[in-house]
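Participant: This is what each chain is made of:
Protein chains: 4
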Amino acid sequence: MDVDAPPDEQPDPVVNRWHPDVPPAATIEPGEKVRIECLDWTGNQVKNDDSANDIRDIRLDPNHHLSGPFEVEGAEPGDMLVIDILDLGPFPDNEWGFTGIFELDNGGGFLTDHFPEARKTIWDVDGVMTHSRHIEDVRFPGCVHPGIVGTAPSHELLEEWNEREQALIERGPEAETAVNHETREDDPPLALPPEPNEVLLGDMDDEDVEEAAEEAARTIPPRENAGNCDIKNLGRGSRVYLPVFVDGANFITGDLHFSQGDGEITFCGAIEIAGWIDMRVDVIKDGMERLGTDYAMFKPGYQDPDFSNYVVFEGYSVDEDGTQHYKNANVGMRRACLDAIEYLTNFGYTREQAYILLSTVPVESRIAGIVDLPNTCVTVSVPNEAFDIDIDPDTLTDEYDSSDKGDVAKPS
Amino acid sequence: MDVDAPPDEQPDPVVNRWHPDVPPAATIEPGEKVRIECLDWTGNQVKNDDSANDIRDIRLDPNHHLSGPFEVEGAEPGDMLVIDILDLGPFPDNEWGFTGIFELDNGGGFLTDHFPEARKTIWDVDGVMTHSRHIEDVRFPGCVHPGIVGTAPSHELLEEWNEREQALIERGPEAETAVNHETREDDPPLALPPEPNEVLLGDMDDEDVEEAAEEAARTIPPRENAGNCDIKNLGRGSRVYLPVFVDGANFITGDLHFSQGDGEITFCGAIEIAGWIDMRVDVIKDGMERLGTDYAMFKPGYQDPDFSNYVVFEGYSVDEDGTQHYKNANVGMRRACLDAIEYLTNFGYTREQAYILLSTVPVESRIAGIVDLPNTCVTVSVPNEAFDIDIDPDTLTDEYDSSDKGDVAKPS
Amino acid sequence: MDVDAPPDEQPDPVVNRWHPDVPPAATIEPGEKVRIECLDWTGNQVKNDDSANDIRDIRLDPNHHLSGPFEVEGAEPGDMLVIDILDLGPFPDNEWGFTGIFELDNGGGFLTDHFPEARKTIWDVDGVMTHSRHIEDVRFPGCVHPGIVGTAPSHELLEEWNEREQALIERGPEAETAVNHETREDDPPLALPPEPNEVLLGDMDDEDVEEAAEEAARTIPPRENAGNCDIKNLGRGSRVYLPVFVDGANFITGDLHFSQGDGEITFCGAIEIAGWIDMRVDVIKDGMERLGTDYAMFKPGYQDPDFSNYVVFEGYSVDEDGTQHYKNANVGMRRACLDAIEYLTNFGYTREQAYILLSTVPVESRIAGIVDLPNTCVTVSVPNEAFDIDIDPDTLTDEYDSSDKGDVAKPS
Amino acid sequence: MDVDAPPDEQPDPVVNRWHPDVPPAATIEPGEKVRIECLDWTGNQVKNDDSANDIRDIRLDPNHHLSGPFEVEGAEPGDMLVIDILDLGPFPDNEWGFTGIFELDNGGGFLTDHFPEARKTIWDVDGVMTHSRHIEDVRFPGCVHPGIVGTAPSHELLEEWNEREQALIERGPEAETAVNHETREDDPPLALPPEPNEVLLGDMDDEDVEEAAEEAARTIPPRENAGNCDIKNLGRGSRVYLPVFVDGANFITGDLHFSQGDGEITFCGAIEIAGWIDMRVDVIKDGMERLGTDYAMFKPGYQDPDFSNYVVFEGYSVDEDGTQHYKNANVGMRRACLDAIEYLTNFGYTREQAYILLSTVPVESRIAGIVDLPNTCVTVSVPNEAFDIDIDPDTLTDEYDSSDKGDVAKPS
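Protein chains in written order, with this note's numbering: chain A, 1 to 412; chain B, 1 to 412; chain C, 1 to 412; chain D, 1 to 412.
Next comes chain A alone, as it looks inside the complex (with noise of 0.2 Å):
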């Protein structure tokens, strides 16, 4: 891939839909290793630079931008595709990665309702190491992973995604946008229908992409193809299992993450890069039947971040504004992510860096509670071991004095 040419000019396909006609980019045989080379998720649309303009104006019809499909040899519906991540970074010329709020209105992000501007953050990176220009004292290493890897789908898959996420929007915004609190002029959408602009479907001739871009699937949401997911611990030494929809199995990937915070929390919110991945691609024969299930499903590797001193923060289901929700684990979520911007500025950040750093650091958030009516409990902890200065509420009450330690016992 190109970082300095747009997507409908690079060496290799790109695609930005799900459809299961778009003619494979390669074929692999099982077993064998490839490395693939991908576009950041919204095609070079954003700079290194200092200013946000980028992100405010992005285009979001042509996202994400994903290499592929990937025909593996012999795998049939009902197989399971097995891929090892074996490593993935950014481009060796090409070493930073970008973060970006979104406009309340141009994309949004889970706190949408609370930065409703565009903000951007550079991040460098430096071999497993990043940190940015934009925020101090901070830099850790980064859990390297695909946002995206998914199988392509059945025509009867599609159409059932097709479906059901047209009947939510149907359904109308009231209930299910209340309880995640947006709050804004026009309603947000409650989904994506497929959309035919700026559709890129790789090799596919321009007249059969015209009509696939009628009902091809918008790659933003993850399903039962795995897809965006965006799991940060699917990283370096990963095992993943995908459940294999058609012939060949066609998988996509991309959208590779240099790092992020569970929740991916600002939209545009892991450190986002164009680089590559190196994989090693299995077929299991009969693999859902043997493994009892259609979904996709992984194994961790060995080498995420080892992280072990957190700080901690709490939410409930009770909105900002003293609204109860009924065990409602996203506005948990909010709560604990609001508290934990809100701390940190205690050291000295601004709530827009703090929003990016939840969004980016390897946090952890966790649903505690599930079961106490009529509050979920969720957790948001943040490792100090990311911060270059000491953020544990200790250091905001006591006084240490280094210079004398007391002794220990001697004979009398």
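Read the hints as simulated data drawn from the structure, not as lab findings.
Computed from a predicted model, the values in this text were never measured in an experiment.
Please note that the accuracy of each hint is not assured.
Here are the simulated lysine-lysine pairs, DSS-like style, with alpha carbons at most 30 Å apart [as the list claims (entries may be wrong)]:
id, chain 1, residue 1, chain 2, residue 2
1, C, Lys410, A, Lys47
2, A, Lys285, A, Lys33
3, C, Lys47, A, Lys410
Position chains B, C and D against the provided structure of chain A, taking the given hints into account.
Facilitator: Coordinates of chains B, C and D only, in the frame set by chain A:
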């Protein structure tokens, strides 16, 4: 406490509601270390036997059976209480715990539509390890923690709780219970308003109890004062910061868990024990302002089980009947849990056993991506190390041969 | 056991030598869970006070004061004993431990030439945490473990021990003590032959004791039966496999440590406690043949302190006087320890405090490279998380400013 | 570097001795990030084939083949160099490594008496994972690190090295090689004095090389300047502090390891690779005084393989022929290694394969207790997670039945 006596005949005060006027059971000096004894949360209703009748017929009104309140000298509203969880465990002559699946119409649980009938599992506690005669080939170190620790609400805060929870009840069940996929004959409760039946308020005078019982808050949900947060990481060595709302803080604790998976999904869902907890208690004057928060927060200890070999399941916001929801983390978690349960049956476990395993083994449930509309991705990570057998997916497909490993190269 | 009574007036049998004929203190059925009470290893010689006189004047002949032997039904020579370490800790009303630096001429220690005088530190045990009034700004979770657990030797094995250790004594001190850099006035002992003074052999008849005392082995060194292996990772949840040499196995345990650094370098070097230990004991018939070993082995538990932020020191086989040794790991470790001690004085600790910290905090000492003649490299890793202050080298050189963190990019 | 060309025909300077006067290959500004390419330590002597002839016939005089020296602007004696290990790996088109067992009389190794013949294993590097066609059922993430990084010695320091190592040679082999149990026909070397044969000193003029070669120090041992410390934890994300002895520091690096067990026991013992390493280099002025040390030290990264399931072997200071040694850690490690090797043959591995596994898998070798005369206890911990099979001792004794797991209690 006496595990053979009813809750209202205990040697120490028992409390099962939040109310500012409950008189302290004892007074603690800042910096003091205390041992507190606790009934199991049901107040001895569940027996160490092989019948689930007690779970089926559980009386829910008097729960949780907690210890306290404990007054901390000098604590005032605006301060933060600092509680070090030093150690905890079952009573030495009572080293067992229980996990229940509540009946659909008497408590229910996260997957109550799939598991409507009462079930029970008894666990032997073996020091830091546990195993069960009701589920074979599982033996693991628990993440022992108190399900509940919280400060007394002020009158104003109590009123706020009651108002907002009543408002939820009055908004009605349609939208929000649908999201949580609960389809009981009678609508399940949305929240639990004050319930005067079987109220225990420690050493409060009987006539005062009668009045307080009308407004005292149930202990089921976690709230601003922490309370029933059911956080599995609040274990040995952790340090908890709790906002103070009344003079003396008047904190209450109990609902000890020998182990729990994130979510505590079967509701009576941890390995529930009666036992003791050692705490060191201190006060940060003006702590809310100095920490910049009026929420509970904590630092975990360094001795939670350190597993590293997980099998991970992914769930999205599409219900098991195919209905698409809007970025709903609860639905994502439900789908991941259902998939994990199905998977565990590959190894000979019944679905009920698998449901209980997810609720008791230190399972990690993370909100992986919360912005990819309309699907939120939740992962449920099951530690292989908790099992005596190998639950790696590869064991379902591979045949390993331990007799011939090839050989190294020799001089030719 | 009674921490206020002398060892020979205890309610339970006390043993301080290895001998095949000591009668069992109790019999255990395979699969049974037992609680064993233990004196501290010195048999109550050390007091919780601020004078090191007791350490200086310690009587070494009667150590260690251990509990047992315990006969396991059906165990025979050739079997392996399986002991699950379920839990352990100090007696509830005696929650403290001690660490001593022994005098050069009464016990010494790993760095006795540098620390020839007696010193003592008292530790408060706070559940899983500990801290000391003698060393400030240190508070950490211990890696609680038994210093000693071992099976009784057969007569043949006992004879072998005595012969080989006597042979070492007769070879003389020149070469090997030089390597260990010990320069006492009188040559230090190379090994400890049977010592009839102050022998305790449990319930053995007095006349038999007199005879057995002439040949019974000291408990100081670890040997084939495990014994005093002082492995800090033998903690809660670990499973130990011990070879059986006599009918009934007749294992002995004690020398409980609340925490220890690798090496236990001050000799009286762990946080030494009196207390209890819960074990589950089982037998693998023909275990030596089935496991293919006649040595002790084990699997650690999952609840040792999970630190991740270490400062690491490197030592080589060159003595502090500049003498080059040949791939000598002991010298490598000594140099790394001396460097770590010097480093810790940067933060206000005395050299004695630092020496004791290396011996008690869960420090990792690894043989990094053992083939690079003539220098073996040993690393000593000190966990930053054990300190209330930050011992990162960067704190000695950086000035962090927490008031200004720059800012994220905005639209221009 | 060119993996197909001999070391003296490389495009970049190659160095295989320590000497203060080697001219810098390049100059680095403080704070600069650099990529350095490195030959494997043997300088391309070992091929990716199935014969161990190249290992048997290895020429040892020209090792190690290193890159540099690199001058750091402004660095002066007394400063500390700070090197961040950002990332490293094999060259993209050369993703393999080798491990050798050296012949008894041509290099040997830690257990050379037991493994006197040359052997070789080739490893495929698969991103962060590795496996070998010569050892089946093993696949693990490596702990990639540079075996060597060190600063140039001053003339004084070089002289000190040469003197003390020569003194060792002159003291003669008796005592110290006996301790290390090496019984070759000719006495093995005790140290490696300057060897003028096959010296490479980068860009130094040929006549200067001839003179310098007479005194330049071999790179085999680690010393005050760090050098060949072979520390497996010096991986991605670690920060190394090196004392500066000459103006410009003139550091050298190489001997890249894809993985290594503690001790690197087969001598050619890591997974040896040719490749690249990215570093960021900085200087602490007066660092020796400010850090209070003139030794190398470091902080490990957070991305070493995070294993938690180990099988641990224990060794004591008694030789395999029954000779008792005095607190000798080397003997302890040897016995633990020999026991581990024997144990691994239970699973079908040959003894040579097991020896190589201990040397390459991230095995932990700890000095557990070093004061319990006359036996020092060393533990060798083998991570079960590195194997595709289960090497838990319980698999050798249990029969697990996956078809029936009992059942939970139901209402009666």
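Participant: If a hint holds in the structure, say so; if it doesn't, say that too.
Facilitator: So, going through the hints one by one against the coordinates:
Straight-line distance between C-alpha atoms of lysine 410(C) and lysine 47(A) comes to about 13 Å, which keeps the hinted pair within the 30 Å bound. With a CA separation close to 19 Å, the supplied pair lysine 285(A) and lysine 33(A) stays within the 30 Å bound. Under the criterion of a C-alpha separation no larger than 30 Å, the hint pairing lysine 47(C) with lysine 410(A) is consistent with the structure, at around 13 Å.
Going down the numbered hints, you'll see the structure goes against none, and every one checks out.
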